[in-house]
Amino acid sequence: MTRSKPSVALFVTCLADTMRPNVAFAAARLLELAGCEVIVPKAQTCCGQPAFNSGAKSASRAIAEQVIKTFETYDYVVAPSGSCAGMIKVHYADLFPEDPGWRLRQEDLAARTFELTKFLVDIMGWKPTSTVFPAKVAYHDSCSGLRELGVKAQPRVLLSEISGLEIQPLEGEEACCGFGGTFCIKYPEISAAIVADKTKTIKASGADVLLAGDLGCLMNMAGKLSRENSNIRCFHIAEVLAGMADGDGI
Amino acid sequence: MNSHAASPSAFKTEAAHALKKPQLKIALDRATNLLQGRRTEVITNYPEFEEARKLAVQVKDHTLENLDYYLEQFTAAAEASGAIVHFADTPDEATGIVVDICKTREAKTATRVKSMLGEEIGLPAALAAAGIERVETDLAEHIIQLAGERPSHIVIPALHKTQEEVADLFADKHTKQRSSDTVEALVESARHELRPKYISADVGISGANFLAADSGSILTVTNEGNAELTTALPPCHIVTVGIEKLVPSLEHTAVFLRLLSRSALGSEFTQYVTFFNGPKRSGDRDGPEEMHIVLVDNRRTTMLGGDMAKMLRCIRCGACMNHCPVYSVIGGHPYGSTYPGPMGSILTPALNSLEQAGDLPNACTLNGRCREVCPVDIPLPDMMRALREQQWREKTGSQRTRWIMTTWAYFALHPWLYRLAVKLILPSLRLFKSSNNRLKHAPLARSWTKDRDLTLPGKKSFIDQWHSGKTN
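From first to last, the protein sequence lines stand for chains A and B.
Here our numbering runs 4 ahead of the position in the first sequence, where the first position is 1.
Here our numbering runs 2 ahead of the position in the second sequence, where the first position is 1.
Calculated from the structure, these hints are not laboratory results.
Treat each hint with caution, since some may be false.
To be verified - Straight line, CA to CA, 30 Å or less: simulated BS3-like cross-link-like pairs of lysine-lysine:
id: 1; chain 1: A; residue 1: K140; chain 2: B; residue 2: K23
id: 2; chain 1: A; residue 1: K207; chain 2: B; residue 2: K175
id: 3; chain 1: B; residue 1: K435; chain 2: A; residue 2: K156
id: 4; chain 1: A; residue 1: K204; chain 2: B; residue 2: K22
id: 5; chain 1: B; residue 1: K27; chain 2: B; residue 2: K199
id: 6; chain 1: B; residue 1: K22; chain 2: B; residue 2: K425
id: 7; chain 1: B; residue 1: K56; chain 2: A; residue 2: K204
id: 8; chain 1: B; residue 1: K425; chain 2: A; residue 2: K204
id: 9; chain 1: A; residue 1: K204; chain 2: B; residue 2: K175
id: 10; chain 1: B; residue 1: K462; chain 2: A; residue 2: K73
id: 11; chain 1: A; residue 1: K207; chain 2: B; residue 2: K452
id: 12; chain 1: B; residue 1: K175; chain 2: B; residue 2: K23
id: 13; chain 1: A; residue 1: K61; chain 2: B; residue 2: K425
id: 14; chain 1: A; residue 1: K140; chain 2: A; residue 2: K61
id: 15; chain 1: B; residue 1: K452; chain 2: B; residue 2: K22
id: 16; chain 1: A; residue 1: K46; chain 2: B; residue 2: K435
As the list claims (entries may be wrong) - Covered by chain A, per the in silico footprint, the following chain B stretches (three or more residues, Cβ under 8 Å):
id: 17; stretch: 406-413
id: 18; stretch: 447-459
Just so you know, even glycine gets a beta-carbon here, dropped at the ideal spot from N, CA and C.
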């Protein structure tokens, strides 16, 4: 008896959609390799996190309702970002305090929403089989994925299956890179000082590639490394796992 | 030198100023690396940490929910042991009580043990105004006093100063010449300065880490032994303490003693934990003749029952700031308050005003590490967000953020419009491509591109490509 493929709606994330489409293509490929039917709902825009973290609760609630309506008909929702997945899975709960109808729909969607690497490992039990990526890699744990969703072992489990890939210990791998969404726009000098600390440890790790699971953090670290004329290339972990990490990187 | 009239409203300017001090960065790196490393080690060797944390939360929440009961119980027990208990609603009332006690005793000098509550109520300035010489006996506070600065950390007030800076300061201000600049020699030099002052002081002023309601005891947790000398030698001991320091009984302090030192300095226990119960009794060989306890509210009771109530759990360990990426690059002074870092970003708006401290809850990346290391599980990131919501409701936050978010939300809620905007913006952004295939400049992106390159965006968005049948 064959079980039909689970339907997985890809929550693309606004950053992957616009700044690095390759990350979304890689995520879609990985989900297909793991045996899922991938759907990309066209009506998606943003998870609402920028508004939520800026205190705009009614706007974030309106966006949350739109996301729930758009995504609730699929078996799973998967995002190549711990930050956006965390918004849907953890923070939407704060948006419907006195509305049992929406609350139920929110809880139902939250239970079926996952960050990409966690979904691949914990739900699909998938591992890459023939991917080659000869590089010394440092892995940065993005804060939301790590602390809100418990994404820690999953990316490392997946990377350990890639031939040629060697993980270098990264000092302070759990320390924030200073991106913080709107934080880096509101307090650019502080953000720049934090990411300068980060690139120091990345360079000291001896890695020639930096990976992480969130594009926001990656753009921040990659942008700083690039400004410092470093040769370290940065990719989203999905790009490496899918064998789609080519070129200069992010 | 930092001004004494610091204010959280100057956060941005002060932060920019702090970022330009290489010496400060050296001090911050040394301290935060050391403290983080030691805490990780000691918590790894303490498997009961999560359990202890849960218990501590229960004890604190229970006490705060029944604060009136425990305050009465504490007062009765403390008075029964001979202490005089005072209540102060405001900082001015609190400092007024302390100054009055000093004046009644015709005190000329007061030794003082580091107490953040004392800083909060402005005790140093009040003593100075009353003409009472204040001698800070904590090594770090001694450094701060000599330098004429403000504390930059609640546990390690001179965290912003390097050993080299302290050596120069002591060489300038201490009377006796030192033979070397080792830590031991510096400590010895401070000891030489301070010893005679302990003995000659008319009043000793301390804070408290915990108040045990059942016995009326005051607990101080220190490493230098200065609390004992400050409180036992002068004829009068004054305690200034916030009412949130109450726990039901001496037994309940045990779990906090286990958590506090591990969280604060990454050590299993402090050198000294002292329990004070009233003044010298007849037959005691030493101790103060008089003991006063000033219980300070300063808006704490207004926090009870509200969004900020969980902040009253705080045991002032400083772990949140030791692990804060923002604190670790700017230090404590830009926060413009006695309480810096994550805990200060909640407490300062609560104790002063959100309007004045509007930057503090925003100057946070919401990375969540502060909550992870907090020994009493204060949901600091959620509380930062709650304060931002308040600013949004009251329209007191940044107008620029408001405008950006309102526009962003409008587009996010109109997918067709959003897609159209993306279609137009991506190719225009790509026009700014520089030689390294990234953007070194882009319109409206100066705050990003000033210090970082910007990723070159896609020619077309993923969603447009996917739905036009192209799968990479």
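Kindly indicate which numbered hints from before are broken by the structure, ordering the numbers from low to high.
1, 2, 3, 5, 6, 7, 8, 9, 14
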